[in-house]
Amino acid sequence: MKENFEPVEEQPVENKPEKRSRDDLIIEENEIANRLEKERGIFYCEKDDEKSGEKKGFVNILGVELETSATKEELENIKNELIFSNTDQKIIKMIATCYKLHQPLMLEGAPGLGKTFLVEKFSQMIHGEKGSIVNINGTPKTSELEILGHWAPKGLKEEENQRYNEEFNSVMNKKENLDLQKSFNQELGKLNSELSQEIINEDEYKEKFGELSTRYIEETKRFLQSTQLNNFIKPGSDWEFQRGALMESYVGNNGRGKILFVDEFNIIPSNYQQIFLQISGKRGGLSDSINFWGNGNQTKYERGEDTFIVFASNYPETTEGRNVVSDPMTDRLVWYSIPGEDAKEKRRIAILSDGGNLKSVLSEEIKVDKEKNKPVALEQILWKKELAESLGRQITSIGLFLDENFEKQYQQVGDSIDINGSKRRRTQKLELSPRNFYRFSDYISDFQTRNNETGFVDFTETLQNAFEMYYVNRLASPELRENMKKLFNEIMAGSTGKVNFEEKVMTRKEVLDILTERASLTEEERKKIKIEEEERIRKAAELAKNNAMDKEEALRKRNLLQKTTKKIND
Amino acid sequence: MTKITSEITQKIKHYLEVIEKMVYPDQHERNNTLADMGLIIFEPNSQVNALDVQSILPEGKSVLYKMDNFYDYETFVSKLIEANKSNQWLIVDCLDDFSPTTIGIIKQIGEMNKFTVLNFRNENSFQLKINPETRIIFCINSDFLEEKISYPYFLNIFGAILRI
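Chains as they are written, first to last, in the working numbering: chain A, 1 to 570; chain B, 1 to 164.
To be clear, the hints were calculated from the coordinates, so they are not data collected in a lab.
Worth double-checking, as some hints may not be accurate.
Stated by the list, open to error - Pulled a few chain B residues facing chain A out of the computed Cβ check, cut under 7 Å:
id: 1; residue: Y24
id: 2; residue: H28
id: 3; residue: E29
id: 4; residue: T33
id: 5; residue: M37
id: 6; residue: G104
id: 7; residue: L118
id: 8; residue: N119
id: 9; residue: N131
id: 10; residue: Y151
id: 11; residue: P152
id: 12; residue: I157
id: 13; residue: A160
id: 14; residue: R163
id: 15; residue: I164
As the list claims (entries may be wrong) - Only pairs whose alpha carbons sit at most 35 Å apart, straight line, appear in this in silico DSBU-like list of lysine-lysine:
id: 16; chain 1: B; residue 1: K66; chain 2: A; residue 2: K100
id: 17; chain 1: A; residue 1: K408; chain 2: B; residue 2: K13
id: 18; chain 1: A; residue 1: K175; chain 2: B; residue 2: K66
id: 19; chain 1: B; residue 1: K85; chain 2: A; residue 2: K485
id: 20; chain 1: B; residue 1: K21; chain 2: A; residue 2: K79
id: 21; chain 1: A; residue 1: K429; chain 2: B; residue 2: K11
id: 22; chain 1: A; residue 1: K486; chain 2: B; residue 2: K114
id: 23; chain 1: A; residue 1: K72; chain 2: B; residue 2: K114
id: 24; chain 1: B; residue 1: K85; chain 2: A; residue 2: K486
Ideal Cβ placement from N, Cα and C applies to all residues, glycine included.
Start from the sequences, fold in the hints, and give me the full structure.
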C-alpha cells in the first residue's frame with residue numbers, strides 16, 4: 001500500500017546559536033518568503049560557518065536551505081534557464097526536503113514530467129554546473145552488475161577493451177557463470193523472502209547480504225580468472241572491482257558521495273530491487289554505510305555527506321504487467337505520488353500552449369524527386385503571423401483530438417504481434433508524453449506539403465504525415481495501424497469530426513482548406529478580394545432593392561397596398 | 001547493399017531530413033534546444049538494411065556501428081565519441097538486446113542530448129554532450145524489436161519513427 005508519507009523531521013540540533021525571539025523569526029521568515037517570491041523561488045546566500053568561521057555558500061530552494069558548492073553565478077545561470085511549472089516546483093521542493101533529511105525519495109508519476117531533468121538540475125544547484133548524477137535506468141535485465149559493480153582488468157587500452165568485451169560476452173554465457181548467477185539469485189531470493197516473512201530482521205538481512213555478496217563476488221573473480229579473460233591481465237596489473245551506481249553514490253566524488261537517480265525502479269526484477277534495502281537506515285533515513293565486499297577487501301562503504309537517492313516509477317495502475325515495487329522497499333522510501341490531475345493538466349497545458357508557439361521559419365530548399373515525393377513547401381505559412389490565429393487553433397484542436405483518440409483507441413484495443421501465425425500481446429509498450437505532441441506540432445510547422453492542384457499548403461496531408469510518423473508507426477499490428485489511419489480520415493473528412501464553422505457544419509478538412517486559402521493570399525490579393533466581395537454585396541443589395549421596388553410598384557398598381565405605406569425609396 | 005526502390009529511398013531521405021531539422025526548444029530550459037534520435041523499423045519483408053540507410057547519407061557523413069554485444073556499452077560510447085568529434089551521424093545496426101547501461105545512455109541522450117556513464121575509459125564517471133550536428137539513427141528489424149528487446153519502453157525514447 002503506497003501513500004504520500006511526510007518526511008520525518010530531523011532531531012533538534014544541539015548547541016544552537018543564541019535564541020532569537022519569535023517576532024525576529026517571523027520577520028526573518030517573511031524576508032525569506034519575500035525574497036523567494038522576488039527571486040523566483042531560488043536564491044543564493046553566504047553564512048559564516050560556526051566552527052571554522054569561514055564563509056559557506058547556501059542555496060534556498062523554495063524555502064529549503066541547503067549548503068552548496070555552486071557559485072552565485074552558477075545558480076543565477078541555472079535559475080535564469082529554468083522553466084518552472086507548478087508541478088516542477090512541488091517535485092523539486094520534495095527533492096530538496098528529502099535531501100536535507102537524507103531520506104530516500106520515490107517519485108511516482110507519468111512519463112514526460114521531467115523527473116530526470118529536475119533531479120539533474122537539483123544536483124547542479126548543490127554541486128555546481130558540472131555536478132553530475134549517477135543513473136540507473138531500470139530494465140527487466142537490470143542486475144547486480146549495474147547496482148553493485150563488476151570485475152574488470154585494470155587499465156585496458158581502447159583496442160584491448162573492445163576485444164575484452166567480445167570475449168566477455170561469450171564468457172558470461174558459459175554454463176559455469178550462468179549457474180553462479182542462478183545460485184546467487186536463489187540465495188538472494190531466499191534471503192528476501194525470509195525478510196518479508198519476518199524470519200530475519202533488517203540488521204540480520206544486511207549482514208547476511210554482506211556475506212552472500214562477498215562470497216558471490218569472490219566466486220565471480222575466481223571464475224573470471226579461470227577463463228581466457230585472464231589473458232588480458234598484464235604483469236603488474238590485476239582485476240579491479242568497478243563500483244556500480246549504488247556504491248558510487250555512497251563513496252564516489254572522493255568520499256563525498258553523489259546523487260543517485262534510479263529510474264523505472266518498478267521494472268527492475270524484485271530480487272534486485274531488494275538490494276536497495278541496504279540503503280535503509282535509522283529513522284527512515286539513508287543508512288550510514290553499506291556492507292559489501294569491494295576492492296581491497298573493503299567491507300564497509302560509509303555514506304558520504306552528499307549521498308542521496310531518488311527513485312522514480314510510473315503509476316502501477318497504468319502499467320499492467322509490471323513488477324510493482326516489492327513490499328520490503330515500500331516503507332523505506334518517502335513516496336511522492338505526483339497527482340494524476342497535475343500530470344494531466346501539465347500535459348494539456350503543454351499541448352495547448354504549443355499551438356501558439358510553433359516556430360515561424362522558412363524552410364531551406366530541399367531537393368527531391370518531385371515525381372515521387374512532394375517537397376516541403378518553400379514558403380510556409382508563418383505560425384506566429386497567421387497560424388496563431390484561427391488556422392493555428394484549428395490545427396492544434398485537430399492535433400489534440402487525434403492525440404486523445406489515438407490514446408483512447410490504443411488503451412481499448414491494445415497492440416499485438418503475429419508470431420508464426422498466432423497473435424500475442426506486444427511486449428513493447430506505448431506511453432505518450434507531451435513531448436510527442438511538441439514534435440508533432442514542430443513537424444507541421446517545418447514540413448508542410450503543398451497541394452499541386454490548388455497551389456496551397458495541404459494541411460490535411462501534412463497532418464497525415466505527422467500522425468503517421470509520430471503515432472501510427474509506433475504500433476506493431478498492421479490492422480491497428482490501418483484502423484488508426486481510418487480514424488484520421490474520419491476525423492478529417494468524416495461525420496465524426498464535423499465542426500461548426502462560420503454558421504455552417506463542415507468537415508475539418510473543409511475548414512482547414514478555407515483557412516489555408518485565406519492565410520495563403522498576399523496582402524494585395526486579399527484587398528482585391530475584399531473590394532470584389534464588397535462590390536458583389538453592393539450589387540446583390542441593389543438587385544434585391546430593385547426587385548423589391550418592382551414588386552412594390554406592381555402591388556400599388558393593383559391597389560393592394562395601403563396609401564399610408566411608405567415607399568421603399570423613402 | 002540491397003537494391004531499394006526510389007520510393008523507399010525518398011521515404012528514408014525525408015525521414016533523415018526530419019531528424020536533421022527537427023530541433024525544438026527544451027520544455028524546461030529557456031535557451032536550450034534538443035534534437036531527436038531516429039528509429040527505422042524494417043518490416044518483415046523489407047529489403048532495406050542499415051547499410052542502405054547509411055548509403056543514403058552523403059559519403060563520410062556517418063559512422064555505422066553493429067551493436068551485437070549485450071555487455072559492450074563501451075564500444076557504443078567510443079563510436080559516439082568518434083561521431084561526435086567529427087560532426088558525423090551514428091547509424092546503429094541493432095543486432096542484440098540492449099544492456100541496462102546502454103538503455104540508460106540512450107534514454108539520457110533522448111531526454112537531454114547528453115549522458116553520464118560510470119566506468120568508461122578508466123574514468124569513474126564519464127560525461128558527453130551530443131554535438132548539435134550529430135544524430136543517432138537506430139535501425140532494427142521489426143521481429144527483433146518485438147521479440148528480443150527486453151526494455152518495454154524502447155519506442156518511447158524516440159520521436160519520429162519510420163517503418164519501411
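Going through the hints against the structure:
Against a cut-off of 7 Å between C-beta atoms, the interface hint on Y24 of chain B holds, since the closest Cβ of chain A lies about 5 Å away. A hinted interface residue such as H28 of chain B counts as satisfied when its beta carbon comes closer than 7 Å to some beta carbon of chain A; here the least separation is about 5 Å, so the hint holds. For E29 of chain B, the shortest C-beta to C-beta distance to chain A is roughly 4 Å, which falls under 7 Å, so the interface hint holds. Given hint, T33 of chain B at the interface with chain A, is violated; its Cβ is 10 Å from that chain's nearest Cβ, farther than 7 Å.
At its closest, the beta carbon of M37 of chain B sits 12 Å from a beta carbon of chain A; the interface hint therefore is violated under the 7 Å criterion. About 4 Å separates the beta-carbon of G104 of chain B from the nearest beta-carbon of chain A, less than 7 Å, and the hint is met. About 6 Å separates the beta-carbon of L118 of chain B from the nearest beta-carbon of chain A, less than 7 Å, and the hint is met. Evaluation of the N119 of chain B hint against chain A yields a held restraint, the C-beta minimum of about 4 Å falling below 7 Å.
Here the hint on N131 of chain B is broken, as its CB sits about 19 Å from the closest CB of chain A, past 7 Å. Proximity of Y151 of chain B to chain A holds as hinted, the smallest CB-CB distance being about 4 Å (cut-off 7 Å). A cut of 7 Å between beta carbons decides the hint on P152 of chain B: the least distance to chain A is about 5 Å, and the hint holds. Interface restraint check for I157 of chain B: the shortest CB-CB distance to chain A comes to about 10 Å, outside 7 Å, so the restraint is violated.
Annotation: interface hint on A160 of chain B holds; nearest CB of chain A at approximately 4 Å, less than 7 Å. Given hint, R163 of chain B at the interface with chain A, holds; its Cβ is 5 Å from that chain's nearest Cβ, closer than 7 Å. Hint on I164 of chain B is violated. Least Cβ distance to chain A is approximately 10 Å, over the 7 Å limit. Annotation: proposed proximity of K66 of chain B to K100 of chain A is violated, straight-line Cα distance about 45 Å (limit 35 Å).
For the hint pairing K408 of chain A with K13 of chain B, the CA-to-CA distance comes to about 32 Å; that is within 35 Å, so the pair holds. Pair hint K175 of chain A plus K66 of chain B holds up; C-alpha atoms about 26 Å apart against a cutoff of 35 Å. In summary, the hint linking K85 of chain B to K485 of chain A is not supported, as the alpha carbons are separated by about 41 Å, beyond the 35 Å threshold. Among the hinted pairs, K21 of chain B with K79 of chain A is consistent with the structure: their alpha-carbon atoms are about 29 Å apart, no more than 35 Å.
Straight-line distance between C-alpha atoms of K429 of chain A and K11 of chain B comes to about 25 Å, which keeps the hinted pair within the 35 Å bound. At most 35 Å may separate the alpha-carbon atoms for a hinted pair to count; K486 of chain A and K114 of chain B exceed this at roughly 39 Å. Among the hinted pairs, K72 of chain A with K114 of chain B is consistent with the structure: their alpha-carbon atoms are about 24 Å apart, no more than 35 Å. Of the pairs offered as hints, the one joining K85 of chain B and K486 of chain A is violated, with about 45 Å between alpha carbons and a cut-off of 35 Å exceeded.
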